[in-house]
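Here the structure of chain W is known, so what remains is to put chains X and Z in place on it, guided by the hints.
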Amino acid sequence: MIGSRRLFFMFLSPLGERSGEGVRRPLTQPLPLAGERSLKGWLCVFLLLFTLPALAVEPSEILPDPALESRAREIGRSLRCVVCQNQSIDDSSAEVARDMRRAVRERLTAGDSDRDVFAFMVARYGDYVLLKPPFKAGTLVLWLGAPLVLLVAGAALLVAARRRRAQPIVPPKPLDEEERRRLDALLKG
Amino acid sequence: MVAELGHFALILALAVALVQGTLPLVGASRGDLRLMSLGRTAALTQAFLVLLSFGALTQAYVTSDFSVLNVVANSHSAKPLLYKISGVWGNHEGSMLLWALILALFGAAVAIFGNNLPDTLRSRVLAIQALIGVGFLAFLLFTSNPFERVFPAPPDGNGLNPLLQDPGLAFHPPLLYLGYVGFSVTYAFAVAALLEGRVDAAWARWVRPWALAAWCFLTLGIALGSWWAYYILGWGGFWFWDPVENASLMPWLAGTALLHSAIVVEKRDALKSWTVLLALLAFSLSLLGTFLVRSGVLTSVHAFAQDPARGMFILAFLLLVTGGGLALYAWRAPQLQGGGLFQPVSREGALILNNLLLCTLAATVLLGTLYPLFLDLLTGNKVSVGPPFFNATFVPLCAPLFAALCVGPFLGWKRAELGPALMRLRIALVVSLAAIVVAMTMIDSRSTLAALAFGFGVWLIVGSLASLSDRVRSGTLRTIPRSTLGMVISHASLGVVVLGSVATSSWNTELMQTMKPGDRVDFAGYSVLLERMDEVRGPNYIAERATLNVSVGGKPYTVLQPERRLFTVQRRQIAETAIQTNLLRDFYATLGEGDPRQGWVIRLYLNPLAPWIWLGAALCALGGFVSLSDRRLRIGAPSRKPVLQAAE
Amino acid sequence: MRRLLFILPLLTLALMAGFFAWSLTSGRDPASIGSVMVGRPAPKLDLPALRPGEAPLTDADLRTGKPVIVNFFASWCTPCLAEHPLFTRLAEREGATIIGIAWKNKRDDALAWLKKLGDPFKLAGLDLDARTGLDWGLSGVPETYLIDGNGIVRRHYRGPITERDLTETILPFLKGTVK
Chain W
1 MIGSRRLFFM
11 FLSPLGERSG
21 EGVRRPLTQP
31 LPLAGERSLK
41 GWLCVFLLLF
51 TLPALAVEPS
61 EILPDPALES
71 RAREIGRSLR
81 CVVCQNQSID
91 DSSAEVARDM
101 RRAVRERLTA
111 GDSDRDVFAF
121 MVARYGDYVL
131 LKPPFKAGTL
141 VLWLGAPLVL
151 LVAGAALLVA
161 ARRRRAQPIV
171 PPKPLDEEER
181 RRLDALLKG
Chain X
1001 MVAELGHFAL
1011 ILALAVALVQ
1021 GTLPLVGASR
1031 GDLRLMSLGR
1041 TAALTQAFLV
1051 LLSFGALTQA
1061 YVTSDFSVLN
1071 VVANSHSAKP
1081 LLYKISGVWG
1091 NHEGSMLLWA
1101 LILALFGAAV
1111 AIFGNNLPDT
1121 LRSRVLAIQA
1131 LIGVGFLAFL
1141 LFTSNPFERV
1151 FPAPPDGNGL
1161 NPLLQDPGLA
1171 FHPPLLYLGY
1181 VGFSVTYAFA
1191 VAALLEGRVD
1201 AAWARWVRPW
1211 ALAAWCFLTL
1221 GIALGSWWAY
1231 YILGWGGFWF
1241 WDPVENASLM
1251 PWLAGTALLH
1261 SAIVVEKRDA
1271 LKSWTVLLAL
1281 LAFSLSLLGT
1291 FLVRSGVLTS
1301 VHAFAQDPAR
1311 GMFILAFLLL
1321 VTGGGLALYA
1331 WRAPQLQGGG
1341 LFQPVSREGA
1351 LILNNLLLCT
1361 LAATVLLGTL
1371 YPLFLDLLTG
1381 NKVSVGPPFF
1391 NATFVPLCAP
1401 LFAALCVGPF
1411 LGWKRAELGP
1421 ALMRLRIALV
1431 VSLAAIVVAM
1441 TMIDSRSTLA
1451 ALAFGFGVWL
1461 IVGSLASLSD
1471 RVRSGTLRTI
1481 PRSTLGMVIS
1491 HASLGVVVLG
1501 SVATSSWNTE
1511 LMQTMKPGDR
1521 VDFAGYSVLL
1531 ERMDEVRGPN
1541 YIAERATLNV
1551 SVGGKPYTVL
1561 QPERRLFTVQ
1571 RRQIAETAIQ
1581 TNLLRDFYAT
1591 LGEGDPRQGW
1601 VIRLYLNPLA
1611 PWIWLGAALC
1621 ALGGFVSLSD
1631 RRLRIGAPSR
1641 KPVLQAAE
Chain Z
2001 MRRLLFILPL
2011 LTLALMAGFF
2021 AWSLTSGRDP
2031 ASIGSVMVGR
2041 PAPKLDLPAL
2051 RPGEAPLTDA
2061 DLRTGKPVIV
2071 NFFASWCTPC
2081 LAEHPLFTRL
2091 AEREGATIIG
2101 IAWKNKRDDA
2111 LAWLKKLGDP
2121 FKLAGLDLDA
2131 RTGLDWGLSG
2141 VPETYLIDGN
2151 GIVRRHYRGP
2161 ITERDLTETI
2171 LPFLKGTVK
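Chains as they are written, first to last, in the numbering used here: chain W, 1 to 189; chain X, 1001 to 1648; chain Z, 2001 to 2179.
Chain W on its own, in the form it takes in the complex (with noise of 0.2 Å):
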């Protein structure tokens, strides 16, 4: 059964004209047929297969002030593409990560600080549309989680170090008559 199904899927095409690239789940279509659980998995296998490995940013697109544009271009790269899989907006053909560029840059025509741009895009697609996740509550672990690995786990050995430094170093216990009697035995050979 997974057979068949899987077969009757690749045999779909997926869509070639450029205008479709911003279309989610092209391939939803007729298919009452597969459960909807397994519609999906198999969903997510064909949108990779759709994130293009075009390019970005198109020449129609760059502001004329290059300070402008080279931070337009610091922030779309951390910007997530919405549809796409961990590809950022000015690595994105995608129709949305074109809106995004071009909000982007309107914004910063229109006078924005690089934190109002973030806090645009925020509001209207959460904190999942930053790549760099914002330092807060729900993400303490994230940041502090491996610092704070490193720190706990120097501590430990420097303080470990120490402690094996205070004791003072035994000396081996002087060589008693029978072990000295072998030993010039075995050094005579």
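No lab work stands behind these hints, which were simulated from the structure alone. None of the values given here were measured: they were computed from a predicted structure. Quick reminder that beta carbons are idealized off the backbone N, C-alpha and C, glycines included. Some clues are possibly wrong.
Computed footprint of chain W on chain Z; a stretch qualifies when at least three of its residues, placed anywhere within it, have a C-beta under 8 Å from a C-beta of chain W [said to hold, decoys possible]:
id, stretch
1, 2032-2042
2, 2124-2134
3, 2137-2150
Leaving out everything else, chains X and Z in the frame of chain W:
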């Protein structure tokens, strides 16, 4: 018929693996030599059977046997031969078969090269290898049978994902799997050592070559994947902190830590339980990566077909293998007594610092990769953890690691002084400071961080080579042990990677231009002419190709021909970049969308030192192989000290 | 204490595996991006009408005291075809107020599409440059919002709505039994 043969061989392999996974263990605990020697024969038989099975699947691909479902779904008769073959592992089932194959081959390698191992240790290692194999073979047979038939056979297949039809990606998975699966041997050694309750210098010496081999392959595999991303994704990026990349980086970091801590066990009989833990973790993280990529708990740019049912199976397997190993560790490791004492400033101290930092790096990657999942489950909040996060957390942690990396080799065992070590590094120190100044003043005055990172790259190269200076002076360079030479090469090549990545990501030049044939544009001192646009026909695609004539000062310099390929079977477009490299920089061109009326979008990049990233990574692996060829590892079967045995 | 240290790796694994098992069994969709619109007042609406001769769409259309469904669609979008009959049914049988917004669509294309498939929209707007879509946190088409009588977004569906959405959430919402 051949497919059935392959299927049958796989079933037999499972049976053999079951025997190999049980009887030698019994033999080792009873001291029964006959049962123990069974492990060796079984390992060789199992490898032969899986090889047969793999050959059967390859045959189905090469002959385009479309009565096999797997071939239908992933191949096409018009595909070039290379991609018919690489199509075997370009899908979930086939890649799992490749996993099983490499696992069996590593088992056979232990059987063949493990002559110097004590019988009990070898049979335990082989048995544990086989138990892992049982898991994979069962997974294949029960959930992902690559030999499933389809009736009626369709006239042709669906073709391979065009992104995978690329020489870089054809060899990327086998190398990566050689790395992942190679760590199964260190895992098996660790479990065997815990079973025997004995970890000593001899054990460390036995396990290190396997760890080193796995690490070399993993390094090459990661580098190849990154190179592929660089030229296929079309804008010069080379590392994206994607879950799949992170999944390969974590075992690499743990494996690197293992290589270093194993030295301490070998030389100083210390850090034993820690080294065993790393040996377990390197493989566990490889399995974790497999789980993440295939279960569908995370999404990623280049993941395989994802399926929750398979996810559950891999999770159960992960729990069994990793959980079993770690439970055994929790039970037995406390009995491993640490040996040699040392001061914080010493070679041991430096290696511990190395381990501490590498493990923190691995923890950063792990946390960053899994955090969105955790947070979503706990609170329903969606967050993204992408490159800017890792640039802010991972990269700064590299600084102390790199700083210490050059100092470590100058510190003596047990107790050392920092002063003299730094004195011997004074030239490296001066040169790297000069590099920072040069980068700041002559290349880019705005980016202090890039200049600093550039300085670190120079420091790594010069500082690593400095450890050779004494030998050069005394004329004993020829007699240098291969392991030392390998270390120097690997350390220095890390610097090469750093220089390459800093330069290409911070100091590249780019230009985007809409051009029509006949248009000329000036770019970074070059004059680029779009001579013509052609339509070309490949074996299974049609493409638009731009011909760019690049000239310097009126003289022709090079011709670049980027393409946009439309794969006809899948109706997918792929941009094929054109790269001209002189090993100091890449001239990189891609063709975007366009038409004759409005012109085509052409993107040009000049990526300074970009080739060094992969050159450095290849050198890094080469250093590993050089170290692997050290006499000490090849011959001179180390024997266990009787004292330690008595102490047990 | 020392013993605990050796159990720590196992505990970490157990914790992680717990999360993984939870994720696999919860039916969580890893591709879901969530929505920040839910629970907030509906974003600004200021669009020209799609159908010639009608008044432009404004915020007032979302605050009529009655629940409103807002659907973004496009004639080039395949999944939109799948959900369209559901909207037709909602409009005809339940008398729901549905506002359709054509996203990145030429007016003539959108009108022709509606003519062919039937037009369930009480009001229809045209968001050719996708600015309104961005304000609404749209990621593509189709997407659907349920807005209560006070103009608060109660639900945001990304992707086509299904029969199940209809019976489980949309109909109860229209009847006022779901907040």
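Here's how the hints hold up against the structure:
1. 2032-2042: As far as the stretch 2032-2042 of chain Z goes, the hint holds, because 4 residues have Cβ atoms under 8 Å from chain W.
2. 2124-2134: It holds, with 4 qualifying residues against the three required.
3. 2137-2150: holds (count 5)
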